[in-house]
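**Q** Residues per chain, in single letters:
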Amino acid sequence: MKEHRMRRWVLLALFSGLFIAVISSTGLWETTLRFLFPQESQVLHPRASLIVLVMEHLSLVAISSSLTILIGLPIGIWVTRPGGRNFLPLVTDLTSFGQTFPPVAVLALAVPMLGFGLPPTIAALFLYGLLPVVRNTIAGLSAVPPGSLETAYGMGMSQWQALFRVEIPLSARIILAGVRTSVVINIGTAMIGAVIGAGGLGSPIIAGLVQDNLAFILEGAIPAAMLAILADQLLANIEGSFAYPGQSP
Amino acid sequence: MIRLEHVTKVYGETVAVNDLSIEIEKGEVCILIGPSGCGKTTTLRVTNRLLEPTSGHIFIDGRDICQIRPERLRRSIGYAIQSVGLFPHLTVAANIATVPELLHWGKDDIARRVEELLILVGLNPVEYAWKYPSQLSGGEAQRIGVARALAADPPILLMDEPFGAVDPLTRERLQAQFIRIQQELKKTVIMVTHDLDEAIRLADRIAIMELGRLVQYDTPETILSRPANKFVHDFVGTDRALKRLSRIGIGNFIRPCPSVKTSDSIKEVAAAIGSRRSVWVVNDEGRPIGWIDQSRLSESVTARETIFSGDIHEIALTNQATLREALSRMLGQGFKSIPVVDDKARLIGEITLHDVEAATADGEA
Ligand SMILES: Nc1ncnc2c1ncn2[C@@H]1O[C@H](COP(=O)(O)OP(=O)(O)O)[C@@H](O)[C@H]1O
Ligand SMILES: [Mg+2]
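Chains G and U are the protein sequences, given in the same order.
Here the first sequence stands for residues -2 to 246, where the numbers follow the working numbering.
Here the second sequence stands for residues 221 to 585, where the numbers follow the working numbering.
To be clear, the hints were calculated from the coordinates, so they are not data collected in a lab.
Just so you know, not all the hints are guaranteed correct.
Taking lysine to any residue pairs in the SDA-like style, the calculated list, with each CA pair at most 25 angstroms apart, reads [as the list claims (entries may be wrong)]:
| id | chain 1 | residue 1 | chain 2 | residue 2 |
| --- | --- | --- | --- | --- |
| 1 | U | Lys351 | G | Gln230 |
| 2 | U | Lys351 | G | Gln158 |
| 3 | U | Lys351 | G | Leu64 |
| 4 | U | Lys351 | G | Ala169 |
| 5 | G | Lys(-1) | U | Ser445 |
| 6 | U | Lys327 | G | Ile171 |
| 7 | U | Lys327 | G | Ala159 |
| 8 | G | Lys(-1) | U | Glu336 |
| 9 | G | Lys(-1) | U | Ala314 |
Now the stretches of chain U that chain G is said to cover, found in silico as 3 or more residues with beta-carbon under 8 angstroms [said to hold, decoys possible]:
| id | region |
| --- | --- |
| 10 | 343 to 356 |
| 11 | 533 to 545 |
Sample of chain G residues with no beta-carbon within 12 angstroms of chain U, all distances over it, derived [said to hold, decoys possible]:
| id | residue |
| --- | --- |
| 12 | Pro143 |
| 13 | Thr148 |
| 14 | Gly153 |
| 15 | Val207 |
Heads up, the beta-carbon is just placed ideally off N, CA and C, and yes, glycines get one too.
Start from the sequences and build out the full structure, keeping to the hints where you can.
**A** Structure below.
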């Protein structure tokens, strides 16, 4: 069990190394893309290097996902407490609504209020990623065995102690699975930021679509796909570290 | 000492507990029993303020518990429930350490205490401390649940059907262990059960409840011999005489009896049997290994040739057994007497069917 987990971390480290090598070897990209698309005059997006694009993309995802977690987690916890239980249906409805709303529409609505660039993109990504986090937090906390909760209080834990010593550790994997879904979705959705000038890996893709340049599209799509796999594996590994014997997988 | 005064708990239309007054003496085991839904669990849960009573007061050592912060109160009261409620993400050791940790005990004290408790409930610390709850059998989990409730050495224990979820054999063992531990620790215990035999075996006093009301609160002997009303009478059932036997230890009924050794001659055996039907045979350490029937005496010359050797462990009783166990052995084996051994398995006497019958008749009168 332990060995298996160790191996997964090693694999992740190797894959991260590969990813960094790939995005920093501009020469390799240039040669490969020129070979594949000899008819294009330009094969790399001129605005910024791939590393800069990846960094922009990462910061979009990092800021919006942090917000999602910082706000989604407490919401999920609050509506499963006696004091907030009345708001449970409302919150569930609102977050599902947030996800059925197309992110482009959020952008369109946000631009008049927040202007162009980072703020409206972050707002859209935040709203879009909220559902999986809130939903899984609620599901995880509701799945805590009633007997465990009963004895937690029966032995004299306060509400906070029961939450942090029993409920969150027991639901950590389900909550983190929600975070994982949210982050992976966010990495894909963050592409739309480029439409309103927030940069990121969406820039070469949009430019490629507009100019009908497949090389640009690949320059954005390949690192984005790798990034999504990387984030997925990283979070899966963190999730795994909360496993205990006998847990339903 | 625990005292409930006119405690009532209402849920909407349901009166779960109705004007319940009861007093539990220090060091006594009080068992709440009654049909499902009669308010046993509710009574237990108002006693550690997991629930607030609708009206009434509860005193522990003369102090109204509504003046004690619930968390503080609960840390001084052990709590064990049927579904055990062990924390599945924590090891056995960490589970047992829960309350000591809430009370900020030192690491070494906690480790020592965990080891002590595992030994107390009969589990090897080296083997069990690092297991997770999913790696335990039902009986082991129940024991850990009890150990955890005892962790901070609370003077009071509340137990809601603590032996409810295990097979009958395991339950029997857990009950025996509970009796042993209680003799040693003398906690004030309120235990809920729906098993009358369990109540009779473990309780100093039994509280019989019906529809939220206390119907009778008495020693098991009194409940069995003088049921307060028809409800209790029916609840106790028709085999009251038999049930009462399980409250009576065989200690006072052991009679000295003759025994012979395998090396004895037939003459010696015959002398030992006298007018009896049979005689027990013991080995050099004095442990019973079989018996000799009078009818076989004429056929042989040494004891060795006439001995019936059964599995004596299935026949002999220890001096801690009850009359009910003695009777059940006699019926099971078709014997009119059963050898009794001390804790080193040496023969100390026997108990006869005649004495059991006499004890039963005494109670009926
Ligand atoms: N939280 C609750 N809400 C409403 N009714 C309850 C609740 N808890 C218990 N009851 C009712 O109170 C009565 C007593 O319940 P309980 O104390 O659990 O009984 P017991 O433990 O003797 O089976 C039952 O009729 C039960 O349905
Ligand atoms: Mg109950």
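**Q** It remains to establish, for every hint, whether it holds in the given structure.
**A** Cross-check of the supplied hints:
Between lysine 351 (chain U) and glutamine 230 (chain G) the alpha-carbon distance is near 29 angstroms, which puts this suggested pair outside the 25 angstroms criterion. A distance of roughly 23 angstroms separates the Cα atoms of lysine 351 (chain U) and glutamine 158 (chain G); the hinted pair therefore holds under the 25 angstroms criterion. As the CA atoms of lysine 351 (chain U) and leucine 64 (chain G) are separated by approximately 38 angstroms, the hinted pair breaks the 25 angstroms bound. Of the supplied pair hints, the one linking lysine 351 (chain U) and alanine 169 (chain G) holds, its CA atoms being roughly 20 angstroms apart against a limit of 25 angstroms.
Between lysine -1 (chain G) and serine 445 (chain U), the direct Cα distance comes to roughly 61 angstroms. Violation of the 25 angstroms bound is thereby established for this hinted pair. Between lysine 327 (chain U) and isoleucine 171 (chain G) the alpha-carbon distance is near 31 angstroms, which puts this suggested pair outside the 25 angstroms criterion. Restraint check: the Cα-Cα separation between lysine 327 (chain U) and alanine 159 (chain G) comes to about 21 angstroms, which is no more than 25 angstroms; the hinted pair holds. Simply put, lysine -1 (chain G) and glutamate 336 (chain U) have alpha-carbon atoms about 30 angstroms apart, too far for the 25 angstroms limit, and the pair is violated.
For a cut-off of 25 angstroms, the pair hint linking lysine -1 (chain G) to alanine 314 (chain U) stands: about 20 angstroms separates their Cα positions. Against chain G, the region 343 to 356 of chain U contributes 4 residues with a C-beta closer than 8 angstroms to a partner C-beta. That satisfies the three-residue criterion, and the hint holds. Under a criterion of three residues with beta carbons nearer than 8 angstroms to beta carbons of chain G, the stated coverage of the region 533 to 545 of chain U fails, only 0 such residues being counted. With a least CB separation of 8 angstroms from chain U, proline 143 (chain G) falls inside the 12 angstroms interface cut-off, contrary to its annotation.
Annotated as non-interface, threonine 148 (chain G) brings its C-beta within 12 angstroms of a C-beta of chain U; the closest such distance is 3 angstroms. The Cβ of glycine 153 (chain G) sits about 4 angstroms from the closest Cβ of chain U, inside the 12 angstroms cut-off, so the non-interface label is violated. With a cut of 12 angstroms on Cβ distances, valine 207 (chain G) stays outside the contact zone with chain U, its closest approach being about 52 angstroms.
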